[in-house]
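Asks: As a plain string of letters, each chain reads:
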Amino acid sequence: MQPAGARSAGHTRERRELTRPMALKLGAVDNMKEQLKKRRRPGERVIIGSLFFAGAISIAVTVGILWELGKESLLFFTDEVVSVGQFFTSTVWQPQAENFGIWPLILGTMLITVIALFVAVPIGLASAIYLSEYASPRVRGFFKPLLEVLVGIPTVVFGFFAITFVTPILRDIFGTSVVGFFNVLSAGIVVGLLIVPLISSLAEDAMSAVPSSLRQAAYGLGASKLEVSLRVVVPAALSGIAAGIVIGMSRAVGETMVVTLAAGASPRNFNLGSDSVFGYILSPFEAAQTMTGYIAITASGDISYDTIDYNSIFAIGLTLFVITLGLNSLSRRIVKRFRQEYD
Amino acid sequence: MTSDTQREAVVAIPTDNGAPADNPVAAEHDDVDRTYEHDVNGVIRTSDMDVFYGDFRAVGNVSLSFAFNEITALIGPSGCGKSTVLRSLNRMNDLIPSARVDGEVFYHGEDIYDPEVDPVEIRRRIGMVFQKPNPFPKSIYDNVAWGVKINGFKGRKEAMDEVVEQALTEAALWDEVKDKLNDSGLSLSGGQQQRLCIARAIAIQPDVVLMDEPCSALDPIATLRIEELMIKLKQHYSIIIVTHNMQQAARVSDKTAFFNVELDATGQRTGYLVEYSPTDELFTRPRVQQTEDYITGRFG
Chain A
1 MQPAGARSAG
11 HTRERRELTR
21 PMALKLGAVD
31 NMKEQLKKRR
41 RPGERVIIGS
51 LFFAGAISIA
61 VTVGILWELG
71 KESLLFFTDE
81 VVSVGQFFTS
91 TVWQPQAENF
101 GIWPLILGTM
111 LITVIALFVA
121 VPIGLASAIY
131 LSEYASPRVR
141 GFFKPLLEVL
151 VGIPTVVFGF
161 FAITFVTPIL
171 RDIFGTSVVG
181 FFNVLSAGIV
191 VGLLIVPLIS
201 SLAEDAMSAV
211 PSSLRQAAYG
221 LGASKLEVSL
231 RVVVPAALSG
241 IAAGIVIGMS
251 RAVGETMVVT
261 LAAGASPRNF
271 NLGSDSVFGY
281 ILSPFEAAQT
291 MTGYIAITAS
301 GDISYDTIDY
311 NSIFAIGLTL
321 FVITLGLNSL
331 SRRIVKRFRQ
341 EYD
Chain B
1 MTSDTQREAV
11 VAIPTDNGAP
21 ADNPVAAEHD
31 DVDRTYEHDV
41 NGVIRTSDMD
51 VFYGDFRAVG
61 NVSLSFAFNE
71 ITALIGPSGC
81 GKSTVLRSLN
91 RMNDLIPSAR
101 VDGEVFYHGE
111 DIYDPEVDPV
121 EIRRRIGMVF
131 QKPNPFPKSI
141 YDNVAWGVKI
151 NGFKGRKEAM
161 DEVVEQALTE
171 AALWDEVKDK
181 LNDSGLSLSG
191 GQQQRLCIAR
201 AIAIQPDVVL
211 MDEPCSALDP
221 IATLRIEELM
231 IKLKQHYSII
241 IVTHNMQQAA
251 RVSDKTAFFN
261 VELDATGQRT
271 GYLVEYSPTD
281 ELFTRPRVQQ
291 TEDYITGRFG
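Chains A and B supply the protein sequences, listed in that same order. For the first sequence, the working numbering assigns the number 1 to the initial residue and increments by one for each residue that follows. For the second sequence, the working numbering assigns the number 1 to the initial residue and increments by one for each residue that follows.
The following block holds chain A by itself, in its conformation from the complex (with noise of 0.2 Å):
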């Protein structure tokens, strides 16, 4: 057949054009076992061996710091002024009397993280919306940036922020003698802020990776952008927003400049018994400690190295990252078990 002798033809012109690679012309069949021994890459060994180094390092950081918090916490443990069982009950947090219980700092960190979480997670939602749905490639291009921006400015200007502006109009919008010059609100706001960008990044990245196959089936059911964006792209992404709200929040607990600079250096020492739950324990217009807030504040006072005092703050340094890792596998858990399979 025409069409037939024709390919063969152009088939045969082809394969005598092709030239052969220098290394395979070489040999003569006898000697091939000689050609195709294994051959020695001592290079790729060098490079393979460094590239572990460099990973084992962050795992044997972590190790050395779990390491040297398990140890100074013994020596707090083992100390017999302090008993576990007062660090993790007790609700008055007081080193120079001696009462080391960890619940007034915790309650400190829980009340900003919280706050935090309510201004970052509507802030940080809505602008990954707008991001991911709505922005033209242009604003897209523009906001995204910027928004990145926002995690580089160290987080003491944060705090000074807080100081000199937040907290100002707090006590002009609730009045000086609600809200105290540090307080637990104009911390939380600016927590919430410094991590606005950390969720709305995270949460973008998850919505922009719900195909668009499946925007389309719902334009075509009539739906409007607004119903496409909060009913199929949010739910679609669901896993990898929750999972960007979890390490947004494992960030505000480990937060430490802004909590010391704005919320004060008292630990909220309180009484379940007596004192009122939401006008002095929960109160976000009250000072309140943090665990950070204490570990940086001791670490760099003037206390003496191997005193009771000294050594609290790495039992509390235990307790963040126990915390914290948490929360990270907490939002590792999220994304594996709710992440939907698209092909």
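The reader is advised that the hints may include incorrect statements.
[To be verified] In silico DSS-like links for lysine-lysine, alpha-carbon gap of 30 Å or less: (1) A:Lys-336 with B:Lys-234; (2) B:Lys-132 with A:Lys-225; (3) A:Lys-336 with B:Lys-138; (4) A:Lys-225 with B:Lys-138.
In case anyone wonders, no lab produced these hints; they're calculated from the structure.
Please build the complex by placing chain B on the supplied structure of chain A, with the hints as guidance.
Replies: Relative to the frame of chain A, chain B by itself:
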């Protein structure tokens, strides 16, 4: 738009001003129960439609009339703009920022590209099934119920159950899924997913269903089931299908539009309508040489 790229398509089906009595398409369907007045020119009619992506004219001068309760197939080689034409019929092209439609597309006599027209209303009436099955990552039940809900369904749970069952039954999927309505739609096989997408589309009771190569991702058995389903569905819906598969067009459609693509001097590929005829005529007695070349496999 240069005049040398404008061609006259051979159209054996009147797209304009056919008097009702002479119009076999309308006459044939006088018995169909419809709540609105029959438009003699079909449910959708395009008139000199051009579709552009930016400056690029993807398809030009399309004048077609799609009849009620029939299956119309759009066939042609890759890049001939048949999918573009399909997506212009329910304003899905609006979602591509650079896309623009010139000319007119009439739906029951109304120009859907009139600035006063809400594209959401158009898509609610002219539904779509896509090339790759794209169920929502929700349960089978919710996949069908979703579109109904966003379109303002306020009924009780039992009423929704009924809507879902009816749509799944119509899409020939009910028997396979009735015991696992809460399973994810993504757990179904490809063919089942596509029927789920069809159920989802017809649950909101559209007028027209556009299908963009609905079987191209499916195996032959699943394809056959979808084809049987389409023939059943045309009692209630007007169906317009884009297909790569000429046998499929021949098997299911009542009318076929053949598109081709040409290169202009600058190397732009613009699709155009070559011939539009009743399917059996187009495949047995094509009026244009190009059509004959295509259907006999000489190109494309």
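Asks: For every hint, state whether the structure bears it out.
Replies: Outcome of the hint check:
1. A:Lys-336 with B:Lys-234: Answer violated: Lys-336 of chain A to Lys-234 of chain B is near 43 Å, above 30 Å.
2. B:Lys-132 with A:Lys-225: Holds, because 22 Å separates the two Cα atoms, which is no more than 30 Å.
3. A:Lys-336 with B:Lys-138: 17 Å, holds
4. A:Lys-225 with B:Lys-138: 19 Å, holds
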